[in-house]
Amino acid sequence: MNTTVRLKDHWKEQRLFLSRLFAIGAIILLLTGVLIWRLFQLQIVEHQFFADLSQGNRLRIEPLPPTRGLIFDRNGLVLAENLPDWELIIIPEEIIDLEESLQRLEELGLVDPAEHSSLTELIRSHRGFERVRLANLTEAQAARFAARRHHFPGVDIQEGLVRNYPFGKLTGHAVGYVARISPSDLDEFARGSLDRSDYAATSLIGRSGIERSYETVLHGSVGYRQQVVNAQGRVLFDSTVSAGDVLRLEPLQGSIETRWPIPGDNVVLGLDIHLQSVAQRAMDGFRGAVVAIDPATGDVLAMVSAPAFDPNLFSVGLSSEDFRALNSDPDKPLFHRALAGNYPPGSTIKPFLGLAALHHESLEPERRDMCPGYFVLPGYSHRYRDWKSQGHGPVDLHQAIVESCDVYFYKLALGLGIDNISVFLRDIGFGVETGIDVSGENSGLVPTREWKQSQFSAREDQVWFPGETVITGIGQGFMLATPLQLAHATAMLATGGQRFQPRLVMAVENGTTGKVVESDPVRLNVMSNIDEPHWQEIEEAMVGVTEESQGTGRVAMRGTPYFVAGKTGTAQVFSLAQDQEYDEEAIDERLRDHGLFIAYAPSDNPAIAVAVVVENGGGGSTTAATVARKVLDAYLLGEGDVVQ
Amino acid sequence: MSSSSINLAIGPATVLRPLRLRGFVMDAPIILTVFAICMLGFVVLYSAAGENETLLLRQAARFAVAVFAFAIIAQVPPRMLRLWTPWIFSVSLGLLLLVEFRGVTGGGAQRWLDLGFARFQPSEIMKVAVPMMIAWFMHERTLPPTFKQLLILLLFICAPTFLIALQPDLGTAILVMASGVLTVLLAGLSLRLILALGAISLGSIPVLWNYMLDYQRVRVLTFLDPESDPLGAGYNIIQSKIALGSGGLFGKGWLNGTQAHLEFLPERSTDFIFAVLGEEFGLLGLLLLLVLYFVLIGRGLYIAAQAQDTFTRLLAGGLSLTFFVYVFVNAGMVCGLLPIVGVPLPLVSVGGTSMVTLMAGFGILAAIHGNRKLLAP
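So the sequence lines, in the order shown, correspond to chains A and B.
Per my numbering, the very first residue in the first sequence carries number 1; after that it's consecutive.
Per my numbering, the very first residue in the second sequence carries number 645; after that it's consecutive.
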């Protein structure tokens, strides 16, 4: 019984299978019919048209570049714009002898011979129909080429747009710059981070700062028009002109068309270019950085890295010589100190450590501790010196911050322990990138036991020594911070624990509709578990720094009509032997101490937080505090005249 | 029962005796047609690759390896193949996972495994392993598959397809999926289920579309209509249409294709070689190639119809239909009927692994036919 059922199934299955096979076979024949019909259409019906296209008459696709978005400061002043200029371009598929064409262009003085090989490589890496920019031309050069254009098939001049930064050096670091698309950019396209075909007509690409990190926003979308060109280069049909029938165009009727480019979006920065210029001029002649932040939003109001450079150099095509000169300058103008400069924070770390100690209740703020001018670890002989060799006498926490007593903080750090210190400092943004919306940021360094173990190979070096905790108390040793991190942490003090991610871009304006989309400030973890009186204690001490007679910032901040909560800092660049005295005059300039200053003001209703680092500027109470004073006055009182 | 099964076993065996040469299985129609296609392929490739002899020699070497694989596999009795199937499938799936984590990147996608002496793409094996797995699974069960069995079959198809699409290798993923789906269709999926699945997938399109972001929609649109993006993928299509169209009925003659030789036509020795054939040998050349392909497909379907058990029947049918999809997707893409997915023209485009797996598939077909009398219980 059972077996017969299986036999029946077998036949049924085969019948089912065969019926399916026939059904699918019919579909196959149908599809093949469609394929052959299509081939017949192309090869027989439309043959003549395509034959024309393949012999001389060619379909030319001309990509149309989008206009790059503008960059504004917070008051609507233009920081980056596009100016018309002449560009010498080459269409690779229309060139007969590339080598020879380039040589003749060089003889005419239109192309820099030094770039011969890099240009060849660039042209080779483009597809046939893509237009490659060879150089920007002056009016005279453009005229010289125009007269000889018929000698150069496949080479042309076109009106282009070049990026211009009206404030020049003021915005080199803060806004960044664009540069000519290089073969390495093309690699980036291949990895898929940007759409290659979107750049078919574009010759400049964001290389640093805002121009780079907002590249996709600023760039826009490419358009194109299509032309049918005969062998002599005469345009027989142009998709931007209406469908005038010179050729039999039916086969392409649907596909030959124009798409206009979509301009890039404009970007509005929180930067105040007036404040930026004041800060820049205050840093004139120094190396270092200034970062000013609006504590209520995280907006960067000013970001200066000195010395500065002119971003306009890059957009017109910097010669390799100029670039080498800029790059090998010992002052490193291209180095973005505000974001990437790693500095020992020195005594500017003290308010933060004071706050940590209060929070962990590892000290009694009112208790006075004797400062004899040095500190010795029990069981060791090394003397950790105070900057004031005769000592501060008995000091409490308030006084220790006001007078910047080192000995008090050696003990404070020891009492807290490196583990508490590192956790707390990381929580308020040290040792990690702040996440600002441009790349190139350094994370600084907050040392931990684990870090030291991983960093050194010799077993005896891997141990964390108590002495290393001691000097962390005055922001020396392994600890490093960027000016941006210092400003960010200072803004957190100003708001009593509110932390906003620093940002440059406040809003994006649609390039076509003009609709402005403001982005909300990004709130980071709030230090809400710290008691209100502790913030109070630290703020009072920092105001004391600028107001009290013993305050280290008193001279620079004398006579401000607002209260400043500040802290000076001095970071050693090299260490002195035990018995040596620091003598500023006798020391090579590059080995002098770095001067630092952090502040927020007005202390009762903070509108600005600022961090200043002056490399080899000596103590922070003089140079750095003076720079900070100019920035604060300019922002809060509107002082300092308008730029350029 | 006994009478009919004896009939099944003896009848065909006597008919088939001439196809077996001293016990060596080699299906003459298949191998002759394959040789013809490959010869035509070499001729076109020589022109497409700019008269490059080394490239031609390398392709010939790959062909030799592929023929060797064919000859070996054709000797394996289908019963043995069936027993190995779960292993072959599992190992290939494992290799796919391995590629995902430690594969060699080439051309932007991770799809190669480095064996030291050669690199190969595990995804290629799946074109054969998936139909095998489905045929194996249904062999022990009654056709058509129940809904529950169907879900398991879908898993066999989707797991490798998903892994390959992730590499990302859309072309191979589509072929693997097609090979599985076609085999399931042959297994007699009920018409109602086909309609229901079709309706569900059609219905889900507007929903998906709704959830897509603007740029994703643009991507899908340019994928479906590459000519709307003449600066990207559309450039290739415009150039290949010019190449095909200018070929006309008789073509421009061997080595005379201007589109191909002036380097307007991209990927001309791989995915777009069909256009080179069309330009130099015209519609007649293309029809010749299509006829040769149809001889192969027809032979495969005949073998499927003659096969004696569920496993061989489904496998033979699935492999032959996959081969058709292969041809149709490539030709359709080159003449602008279908979106651009990287599918080579079988047996003609440059490339090693695909040729070997194709020939392995034909080896299986030959084995199924040549070993028929051994199938009697």
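Hints listed in this document are in silico derivations from the structure and should not be mistaken for laboratory results.
Be aware that one or more of the hints could be misleading.
To be verified - Which chain A residues stay away from chain B? Per the calculated CB distances, all over 12 Å, these: (1) Glu13; (2) Gln14; (3) Thr32; (4) Pro63; (5) Leu77; (6) Glu107; (7) Glu159; (8) Ala200; (9) Asp310; (10) Leu318; (11) His359; (12) Arg368; (13) Gly391; (14) Gln501; (15) Glu547; (16) Ser549.
What the hints assert, rightly or not - Computed beta-carbon distance windows for the label pairs: (17) A/Ser320 <-> B/Asn696: 43 to 49 Å; (18) A/Arg148 <-> B/Leu928: 56 to 62 Å; (19) A/Glu93 <-> B/Asn696: 18 to 24 Å; (20) B/Trp728 <-> A/Gly154: 58 to 64 Å; (21) A/Glu93 <-> B/Arg723: 55 to 61 Å; (22) B/Asn696 <-> A/Ser184: 26 to 32 Å; (23) A/Ser328 <-> B/Asn696: 43 to 49 Å; (24) A/Glu139 <-> B/Asn696: 47 to 53 Å; (25) B/Leu893 <-> A/Asn164: 56 to 62 Å; (26) B/Leu893 <-> A/Ser320: 53 to 59 Å.
Unchecked claim - Residues from chain A shown here face chain B by an in silico Cβ test under 10 Å; the list is partial: (27) Lys12; (28) Gln41; (29) Phe129; (30) Tyr224.
Virtual Cβ for every residue (Gly too), placed ideally from N, Cα, C.
Each hint tested on the structure:
Once the 12 Å rule is applied to beta carbons, A/Glu13 is inconsistent with being away from chain B; the minimum gap is 4 Å. Listed as outside the interface, A/Gln14 is inconsistent with that label: its C-beta sits roughly 8 Å from the nearest C-beta of chain B, within the 12 Å cut-off. A beta-carbon of chain B is positioned within 12 Å of the beta-carbon of A/Thr32; the least distance is around 7 Å. With 12 Å as the threshold on Cβ separation, the claim that A/Pro63 sits away from chain B is violated: the shortest Cβ distance comes to roughly 6 Å.
With 12 Å as the threshold on Cβ separation, the claim that A/Leu77 sits away from chain B holds: the shortest Cβ distance comes to roughly 32 Å. Under the 12 Å C-beta cut-off, the non-interface status given to A/Glu107 relative to chain B holds; the minimum distance is some 28 Å. Consistency note on A/Glu159: stated as away from chain B, and its beta-carbon is indeed over 12 Å from all of that chain's, at 20 Å minimum. Chain B draws A/Ala200 into its interface by the beta-carbon criterion, the shortest separation being 5 Å against a cut-off of 12 Å.
Chain B leaves A/Asp310 outside its interface by the beta-carbon criterion, the shortest separation being 34 Å against a cut-off of 12 Å. The claim that A/Leu318 lies off the interface holds: its Cβ sits roughly 29 Å from the closest Cβ of chain B, which is beyond the 12 Å cut-off. The claim that A/His359 lies off the interface holds: its Cβ sits roughly 45 Å from the closest Cβ of chain B, which is beyond the 12 Å cut-off. A cut-off of 12 Å between C-beta atoms confirms that A/Arg368 is not in contact with chain B; the least separation is 63 Å.
Every beta carbon of chain B lies more than 12 Å from that of A/Gly391, the smallest distance being close to 63 Å; the non-interface claim holds. Every CB of chain B lies more than 12 Å from the CB of A/Gln501, the least distance being 24 Å, so the non-interface label holds. The Cβ of A/Glu547 lies farther than 12 Å from every Cβ of chain B, with a closest approach of about 55 Å, so its non-interface assignment holds. For A/Ser549, the non-interface assignment is confirmed: its Cβ lies about 63 Å from the closest Cβ of chain B, beyond the 12 Å cut-off.
Roughly 37 Å separates the CB atoms of A/Ser320 and B/Asn696, a value that falls outside the hinted 43 to 49 Å. Between A/Arg148 and B/Leu928 the C-beta distance comes to about 48 Å, which lies outside the given range of 56 to 62 Å. Range check, A/Glu93 to B/Asn696: Cβ separation about 22 Å, and the 18 to 24 Å hint holds. A hinted range of 58 to 64 Å for the beta carbons of B/Trp728 and A/Gly154 is consistent with their spacing of about 60 Å.
Between A/Glu93 and B/Arg723 the CB atoms are about 58 Å apart, so this pair conforms to the stated range of 55 to 61 Å. Evaluation of the 26 to 32 Å hint for B/Asn696 and A/Ser184 yields a pass: the beta carbon distance comes to about 30 Å. Between A/Ser328 and B/Asn696, the C-beta spacing of about 46 Å keeps the proposed range 43 to 49 Å intact. In this structure the hint that A/Glu139 and B/Asn696 lie 47 to 53 Å apart at CB holds, the actual value being about 48 Å.
For B/Leu893 paired with A/Asn164, a C-beta distance near 58 Å keeps the hint of 56 to 62 Å intact. Separated by about 56 Å at the C-beta atoms, B/Leu893 and A/Ser320 satisfy the suggested range of 53 to 59 Å. A least Cβ separation of about 8 Å between A/Lys12 and chain B falls short of the 10 Å threshold, and the interface hint therefore holds. A cut of 10 Å between beta carbons decides the hint on A/Gln41: the least distance to chain B is about 9 Å, and the hint holds.
A hinted interface residue such as A/Phe129 counts as satisfied when its beta carbon comes closer than 10 Å to some beta carbon of chain B; here the least separation is about 7 Å, so the hint holds. Using the Cβ-Cβ criterion of 10 Å, the hint placing A/Tyr224 at the interface with chain B is satisfied: the shortest such distance is roughly 6 Å.
The structure fails to meet hints 1, 2, 3, 4, 8, 17 and 18 from the earlier list, while all remaining hints are met.
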